[in-house]
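Which chain is which? The protein sequence lines are A and B, in order.
Counting with UniProt numbering, you get residues 1 to 322 for the letters of the first sequence.
Counting with UniProt numbering, you get residues 1 to 506 for the letters of the second sequence.
It is possible that some hints are incorrect.
As the list claims (entries may be wrong) - Heads up, simulated BS3-like pairs for lysine-lysine below, C-alpha to C-alpha not over 27 Å straight-line: (1) B:K374 / B:K420; (2) B:K422 / B:K374; (3) B:K207 / A:K113; (4) B:K314 / A:K113; (5) B:K384 / B:K374; (6) B:K207 / B:K431.
Claimed, not checked - Residues from chain A that face chain B, not an exhaustive set, calculated with beta carbons under 7 Å: (7) R182; (8) N195; (9) G197; (10) A198; (11) Y201; (12) T202.
Said to hold, decoys possible - Among chain B residues calculated to face chain A with C-beta under 7 Å, some are: (13) L97; (14) I136; (15) G137; (16) V325; (17) P329; (18) I333; (19) Y339; (20) P341; (21) Q347; (22) G348; (23) I350; (24) A352; (25) P362; (26) F372; (27) V373.
Because the hints were derived from the structure by calculation, they are not lab data.
Remember, it's a predicted structure, so these values are computed and weren't measured experimentally.
We put the CB at the ideal spot given by N, CA and C, even for glycine.
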Amino acid sequence: MTQFIKSREAILLAALIALILLVETRFSGFAAPGNLARVFNDTSILIILALGQTLVILTRCIDLSQASNLALTGMVTAMLNAAMPGIPVIALISIAVLLGILMGAFNGILVWKLDIPPIVVTLGTLTIYRGIIFLVSGGEWVNSHEMSASYKAFPRAEFLSLPVMAWICIATIAAFAILVTRTPLGRAFYAVGGNPGASVYTGIDVGRTRFMAFTIAGGLAGLCGYLWVARYAVAYTDVAGGFELDIVAACVIGGISIAGGLGTVTGAVLGALFLGTIKNALPVAGVSPFWQMAISGAAIIIAVAFNRRREPGRVILKEVAQ
Amino acid sequence: MKDDRTTDTPVLRLSGITKTFPGVIALSKVELALYPGQVTALVGENGAGKSTLVKILTGIYQPDEGRIEVDGTETRFPTATAAQDAGVTAIHQETVLFDELTVAENIFLGHAPRGRFGLIDWSVMKAQATEILTRIGAKLDPMKPLRDLGIASKHLVAIARALSVEARVVVMDEPTASLSQAEIEELYDLVDRLKADGKAILFISHKFDEIFRIADRYTVFRDGEMVDAGMIDDVTEDALVEKMVGRSMDAIFPQRHSTPGEEILRVSGYSHPTEFADINFGLRQGEILGFYGLVGAGRSEFMQALFGVTKPSKGAVKLDGKVAVIRSPAEAIAKGIVYVPEDRGKQGAITAMPIFQNVTLPSLSQTSNKGFVKMADEFALARKYTERLDLRAASLDQNVGNLSGGNQQKVVIAKWLATKPKVIILDEPTKGIDVGSKAAVHEFMAELAAEGLSVIMVSSEIPEILGMSDRVIVMRDGRIAAEYERDELTPEKLVRAAAGYQESAA
Chain A
1 MTQFIKSREA ILLAALIALI LLVETRFSGF AAPGNLARVF NDTSILIILA LGQTLVILTR
61 CIDLSQASNL ALTGMVTAML NAAMPGIPVI ALISIAVLLG ILMGAFNGIL VWKLDIPPIV
121 VTLGTLTIYR GIIFLVSGGE WVNSHEMSAS YKAFPRAEFL SLPVMAWICI ATIAAFAILV
181 TRTPLGRAFY AVGGNPGASV YTGIDVGRTR FMAFTIAGGL AGLCGYLWVA RYAVAYTDVA
241 GGFELDIVAA CVIGGISIAG GLGTVTGAVL GALFLGTIKN ALPVAGVSPF WQMAISGAAI
301 IIAVAFNRRR EPGRVILKEV AQ
Chain B
1 MKDDRTTDTP VLRLSGITKT FPGVIALSKV ELALYPGQVT ALVGENGAGK STLVKILTGI
61 YQPDEGRIEV DGTETRFPTA TAAQDAGVTA IHQETVLFDE LTVAENIFLG HAPRGRFGLI
121 DWSVMKAQAT EILTRIGAKL DPMKPLRDLG IASKHLVAIA RALSVEARVV VMDEPTASLS
181 QAEIEELYDL VDRLKADGKA ILFISHKFDE IFRIADRYTV FRDGEMVDAG MIDDVTEDAL
241 VEKMVGRSMD AIFPQRHSTP GEEILRVSGY SHPTEFADIN FGLRQGEILG FYGLVGAGRS
301 EFMQALFGVT KPSKGAVKLD GKVAVIRSPA EAIAKGIVYV PEDRGKQGAI TAMPIFQNVT
361 LPSLSQTSNK GFVKMADEFA LARKYTERLD LRAASLDQNV GNLSGGNQQK VVIAKWLATK
421 PKVIILDEPT KGIDVGSKAA VHEFMAELAA EGLSVIMVSS EIPEILGMSD RVIVMRDGRI
481 AAEYERDELT PEKLVRAAAG YQESAA
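Using the sequences and the accompanying hints, generate a full structural model.
Here it is in structure tokens:
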């Protein structure tokens with residue numbers, strides 16, 4: 001417990017609470033439980049994507065293609081739904097996840113087998129996946145009236161007074177908490193990012209571990225593709241354009257070290273919530289969109305300044321050290 | 001013969017230097033004097049404060065108290081440039097140079113000769129670089145990119161750089177740590193030349209033979225304090241060691257009565273397209289097999305292939321008489337072969353991870369159930385092996401990065417022992433560690449062998465090879481050059497086999 005109080009997650013949690021209270025003074029009712037649940041639901045997609053990105057960043061990589069992956073899978077599910085409304089939603093979701101996994105695995109293979117720097121690979125696939133949307137859709141939109149009711153209703157359906165989308169997010173968080181702390185693969189993500197050289201000699205396949213991180217991140221992006229398009233009831237080429245940077249920002253705010261090997265699921269979730277709260281609160285508080293961007297940007301830099309890895313001082317004199 | 005170049009005025013004198021870091025006193029009222037044309041050896045165990053002193057000398061750290069005098073005048077080095085302007089220059093443990101730049105650019109970076117419009121005058125720079133390189137006897141093309149040079153040549157460039165700034169004081173921080181014997185000899189010649197040039201040299205080293213070979217004076221640090229200083233002619237090796245560790249060291253190597261058992265490992269015809277060829281040897285249970293050779297003889301490259309990091313082009317391995325296929329480190333570990341690499345910083349511990357997770361990393365199959373890691377089992381396993389190694393840590397939850405170097409090393413060794421290996425490959429197990437820790441590592445190695453573990457020890461230090469091995473294989477240019485049993489070993493034989501001199505030619 002005392003360890004938690006001193007941790008960066010605790011600082012971030014305190015900052016998040018302070019932010020919510022600050023907005024409450026300007027806009028009464030913001031901190032009401034119902035509204036906070038709405039903010040959480042609005043941030044669900046960002047949280048899920050940030051968790052996927054967390055794995056990738058833990059292994060000293062980065063995935064810039066998540067938003068394009070999301071937009072492409074979203075478009076494919078929307079087109080399938082429009083063309084064949086008979087396909088059940090669960091099948092569409094499975095297709096979205098599989099498609100996302102495929103795109104993530106493609107990133108992973110390039111990083112693993114061709115040894116291309118991840119930022120270059122995913123910068124390339126960012127454009128490629130986005131380009132494929134145009135190819136499959138011909139630049140056309142899939143609008144709300146072309147989608148089946150069940151397709152649009154699923155993420156919004158309420159279960160125990162929370163929308164299904166929020167539950168999917170909670171389930172993802174829980175699964176990640178177990179994956180990261182309780183499985184050999186989770187441990188490998190930290191090892192590979194913390195010290196790739198040492199990992200090799202420990203019998204961990206660095207390339208394969210990175211491949212797994214990209215694949216999982218891709219699968220989650222695919223899942224979010226469906227969630228996004230269904231929730232906003234529209235699919236077009238530029239869906240979630242630029243959102244990849246929000247995801248990375250959420251991770252960075254959450255204390256996931258870009259240098260790899262350092263970060264927690266709690267941190268990623270809080271980082272996404274912090275960013276989500278800013279994006280939700282500033283418009284209702286009447287802050288202009290330009291200031292919103294500046295404030296989000298400032299939040300990122302302040303968070304990184306806080307999270308800077310401090311090297312422990314060397315202990316040389318034996319008497320003092322004891 | 002020393003009198004003609006000894007003067008009583010030091011170029012540089014430090015007095016009463018104290019440096020503290022939060023909660024720690026790194027240096028406490030230390031004294032140091034460097035004389036022109038003389039080599040002063042600075043000796044001390046790891047953590048004695050030598051590196052801190054170098055950083056103060058080169059303007060990277062500021063002392064909290066004390067005086068720095070250059071030619072008897074008090075001065076300060078607020079920046080690295082100020083130290084350089086005063087004529088103090090350092091050649092670091094890991095050479096700080098730029099691989100993508102040319103030799104000439106490396107020598108003159110930051111003070112390149114300027115021509116018209118303040119642009120770099122390449123022809124002058126090239127000529128000056130050639131002149132300096134000739135002066136130190138280095139046959140290097142100044143226009144060659146640094147990345148094409150070997151480690152020894154890079155050291156020469158670093159030295160040339162030091163001379164290019166009109167250095168009067170040259171600090172050499174373990175300059176021979178990564179050099180082969182022949183390269184070390186060249187370095188000694190160079191040091192002699194620098195002495196003749198009237199430079200004052202501070203020479204930091206762990207190797208006593210070289211201290212007695214080149215130093216005129218010595219200064220001993222222990223736990224951040226200056227313990228002793230004097231002329232090297234007035235001191236013996238034993239006395240110096242005693243001052244360093246604060247206790248006398250009778251037996252440097254543990255007494256071993258080894259009786260190797262059955263052959264456990266048999267390597268036949270191991271070859272690689274470029275690194276090594278035709279490696280054949282056997283390893284018995286409880287045996288310590290030394291691998292000696294010059295740096296670059298292919299020893300580490302072969303070990304990496306044996307461990308599955310790289311792939312051999314042909315060859316076979318038998319473990320316990322059965323053919324074993326090793327395609328990855330994971331397979332090697334599963335079959336009972338582990339490898340403790342030389343570069344422990346890059347390849348050893350994962351510093352941002354807690355101790356217990358570092359220890360269990362290659363043994364997670366032992367501590368998990370149905371794919372989920374059981375933390376209680378992890379702690380139990382980690383505790384068992386860290387206790388055995390007498391690891392000093394507040395808790396196993398602590399990050400490895402917060403431990404001292406020696407304790408980090410123990411975590412790495414505990415990690416390997418927890419996999420219950422049959423064969424452990426130790427690559428330069430005591431490189432760069434202090435005398436006290438060295439003895440502990442040797443002691444431990446002997447213990448492991450006595451318990452029946454087979455040890456392959458790659459080492460470039462002759463005393464270590466002689467003191468620890470039951471048998472020694474010498475490698476040269478990627479092939480086995482000779483093999484000796486313990487009782488027929490002599491330093492001369494090792495050196496000859498490694499360098500390729502014939503008995504008669506010597």
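Going through the hints against the structure:
1. Between K374 of chain B and K420 of chain B the alpha-carbon distance is near 19 Å, which keeps this suggested pair within the 27 Å criterion.
2. With a CA separation close to 26 Å, the supplied pair K422 of chain B and K374 of chain B stays within the 27 Å bound.
3. Taking the CA atoms of K207 of chain B and K113 of chain A, the gap is about 43 Å. The hint is violated against a cut of 27 Å.
4. Distance check on the hinted pair: K314 of chain B and K113 of chain A sit about 23 Å apart at the alpha-carbon level, within 27 Å; holds.
5. Only pairs whose Cα atoms come within 27 Å are accepted, and K384 of chain B paired with K374 of chain B is accepted, the gap being roughly 16 Å.
6. As the CA atoms of K207 of chain B and K431 of chain B are separated by approximately 11 Å, the hinted pair is consistent with the 27 Å bound.
7. For the restraint placing R182 of chain A at the interface with chain B, the shortest Cβ-Cβ distance is roughly 5 Å, inside the 7 Å limit, so the hint holds.
8. Checking N195 of chain A against chain B by beta carbon gives a least distance of about 4 Å; that is within 7 Å, so the hint holds.
9. Taken as an interface hint, G197 of chain A checks out: its beta carbon lies about 4 Å from the nearest beta carbon of chain B, inside 7 Å.
10. Because the beta carbon of A198 of chain A sits about 5 Å from the nearest beta carbon in chain B, less than 7 Å, this interface hint is met.
11. At about 5 Å, the closest approach between the beta carbon of Y201 of chain A and any beta carbon in chain B falls short of 7 Å, and the interface hint on this residue holds.
12. Proximity of T202 of chain A to chain B holds as hinted, the smallest CB-CB distance being about 5 Å (cut-off 7 Å).
13. Checking L97 of chain B against chain A by beta carbon gives a least distance of about 21 Å; that is not within 7 Å, so the hint is violated.
14. Contact between I136 of chain B and chain A, as hinted, is not supported at the beta carbon level, the nearest pair being about 34 Å apart and thus beyond 7 Å.
15. Interface restraint check: G137 of chain B against chain A, minimum CB-CB distance 36 Å, threshold 7 Å, status violated.
16. Below 7 Å, beta-carbon pairs count as interface contacts, and V325 of chain B has none with chain A, the closest being about 15 Å; its hint is therefore violated.
17. Satisfaction of the interface hint for P329 of chain B is found here, the shortest Cβ-Cβ separation to chain A being roughly 4 Å, below the 7 Å cut-off.
18. For I333 of chain B, the shortest C-beta to C-beta distance to chain A is roughly 4 Å, which falls under 7 Å, so the interface hint holds.
19. For Y339 of chain B, the interface hint holds, the least distance from its beta-carbon to any beta-carbon of chain A being 6 Å, beneath 7 Å.
20. With a least beta-carbon distance of about 5 Å to chain A, the hint placing P341 of chain B at the interface is held under the 7 Å criterion.
21. The closest approach between the C-beta of Q347 of chain B and any C-beta of chain A is roughly 4 Å, which is under the 7 Å cut-off, so the hint is satisfied.
22. Hint on G348 of chain B holds. Least Cβ distance to chain A is approximately 6 Å, under the 7 Å limit.
23. A distance limit of 7 Å between C-beta atoms decides the matter here; for I350 of chain B the minimum to chain A is near 4 Å, and the interface restraint holds.
24. With its C-beta approaching chain A no nearer than about 5 Å, A352 of chain B sits inside the 7 Å limit, and its interface hint holds.
25. The closest approach between the C-beta of P362 of chain B and any C-beta of chain A is roughly 5 Å, which is under the 7 Å cut-off, so the hint is satisfied.
26. Given the 7 Å rule on beta carbons, the hint for F372 of chain B holds: about 5 Å separates it from the nearest Cβ of chain A.
27. With a least beta-carbon distance of about 5 Å to chain A, the hint placing V373 of chain B at the interface is held under the 7 Å criterion.
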